[in-house]
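Student: Whole structure, please, built from the sequences with the hints as guidance.
There are 2 protein chains.
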Amino acid sequence: MSLFERGLVHVYTGNGKGKTTAAMGLIVRCVGHDGKAAMVQFMKGWPFYGEIKGLSYLPNVELFRTGGDKCFRKGEHSDRDLKEAQRGLEIAEKCLTNPKHDLVVLDEINVAVDFGLLKISDVLDLISIKLPTIELVLTGRNAPEEIIEIADLVTEMVEIKHPYQKNVTARKGVEY
Amino acid sequence: MSLFERGLVHVYTGNGKGKTTAAMGLIVRCVGHDGKAAMVQFMKGWPFYGEIKGLSYLPNVELFRTGGDKCFRKGEHSDRDLKEAQRGLEIAEKCLTNPKHDLVVLDEINVAVDFGLLKISDVLDLISIKLPTIELVLTGRNAPEEIIEIADLVTEMVEIKHPYQKNVTARKGVEY
Numbered sequence: 004m005s006l007f008e009r010g011l012v013h014v015y016t017g018n019g020k021g022k023t024t025a026a027m028g029l030i031v032r033c034v035g036h037d038g039k040a041a042m043v044q045f046m047k048g049w050p051f052y053g054e055i056k057g058l059s060y061l062p063n064v065e066l067f068r069t070g071g072d073k074c075f076r077k078g079e080h081s082d083r084d085l086k087e088a089q090r091g092l093e094i095a096e097k098c099l100t101n102p103k104h105d106l107v108v109l110d111e112i113n114v115a116v117d118f119g120l121l122k123i124s125d126v127l128d129l130i131s132i133k134l135p136t137i138e139l140v141l142t143g144r145n146a147p148e149e150i151i152e153i154a155d156l157v158t159e160m161v162e163i164k165h166p167y168q169k170n171v172t173a174r175k176g177v178e179y
Numbered sequence: 004m005s006l007f008e009r010g011l012v013h014v015y016t017g018n019g020k021g022k023t024t025a026a027m028g029l030i031v032r033c034v035g036h037d038g039k040a041a042m043v044q045f046m047k048g049w050p051f052y053g054e055i056k057g058l059s060y061l062p063n064v065e066l067f068r069t070g071g072d073k074c075f076r077k078g079e080h081s082d083r084d085l086k087e088a089q090r091g092l093e094i095a096e097k098c099l100t101n102p103k104h105d106l107v108v109l110d111e112i113n114v115a116v117d118f119g120l121l122k123i124s125d126v127l128d129l130i131s132i133k134l135p136t137i138e139l140v141l142t143g144r145n146a147p148e149e150i151i152e153i154a155d156l157v158t159e160m161v162e163i164k165h166p167y168q169k170n171v172t173a174r175k176g177v178e179y
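So the protein lines, in turn, are chains P and B.
Going by my numbering, the first residue of the first sequence is number 4, and it counts up by one from there.
Going by my numbering, the first residue of the second sequence is number 4, and it counts up by one from there.
Hints are not guaranteed to be accurate.
Remember, identical chains collapse to one label, so a pair may be satisfied in a single copy or spanning two.
20 Å max Cα-Cα, derived EDC-like pairs, lysine to aspartate or glutamate [claimed, not checked]:
| id | residue 1 | residue 2 |
| --- | --- | --- |
| 1 | Lys77 | Glu93 |
| 2 | Lys56 | Glu178 |
| 3 | Lys97 | Glu162 |
| 4 | Lys175 | Asp155 |
| 5 | Lys77 | Glu65 |
| 6 | Lys164 | Glu148 |
| 7 | Lys56 | Glu149 |
| 8 | Lys164 | Glu152 |
| 9 | Lys97 | Asp82 |
Don't read these hints as lab results, they were simulated from the structure.
The structure displayed is predicted, hence computed values, not measured ones.
Tutor: In structure tokens:
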């Protein structure tokens, strides 16, 4: 029995902090109601993210990580980056058509599109094949207008103040 | 050994979805790095929140819930509501001065101030007594300017699109 009679499409975008973290919070809430969740991460092959171990404590959560173990720059991607994004896309397809899932998070997929690793039509196709009972969450800054248009729920995380303005760099347990 | 050499003060505010959920995602990340977290919820005595069971799966997380089991309206609070907010304040004080914690979330505390259950000075006092090694997260819409001023990291969740515009009401596993 699925948690959602009619699963919606969420987008968490914007330049502020809290997009991936909000999606993880939804996973906590979902499993707290005995739901089943999957998170497919794009461009996040780096092995030191706190969510890897953190999410492993939760029951009924699958985490799939794709992407190289490096920083990405827009416009500079390798064949391996493209292949990894494609691998993420294929996993996402499987998750979105598997009736066991209540919640599927495609983490940083907006960035993968923005950086040219995926096409907008790839994401629109994923949305179109999603089973009706699955809640789908797309995260990452610079969500394309076509995706915002089709989504049911869109939140823009706006950075009002950030400590890198005070030279604080990314910190373990907070940014990763 | 604390996760943070210098813990910062975050605020998640705004009318959009993702404030409490982002704070829960930070908890996931924190325990994923073997940190210890506490969440004190204000105005959330209702027993059906998914986070209650969801967070219980994570190690080293304490959840303290305060507030009556009902909806709140601004300007209409009972003595019990005030007492519950005060109880939350006292728990928050203990959490923020206990060196075992790496992360302390004061969930909906901005709303408790906005609704007149707490004073701005109560929150500023909490920030001032916080141990330097603790990362403090304050959530809730309508964060007062004085708190934004003193915070290190402020994200405003802006609602771009929400399904209640399509008559979808709060749903289990998503909004609660």
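Student: Which of the listed hints are broken here?
Tutor: 1, 3, 5, 7 and 9
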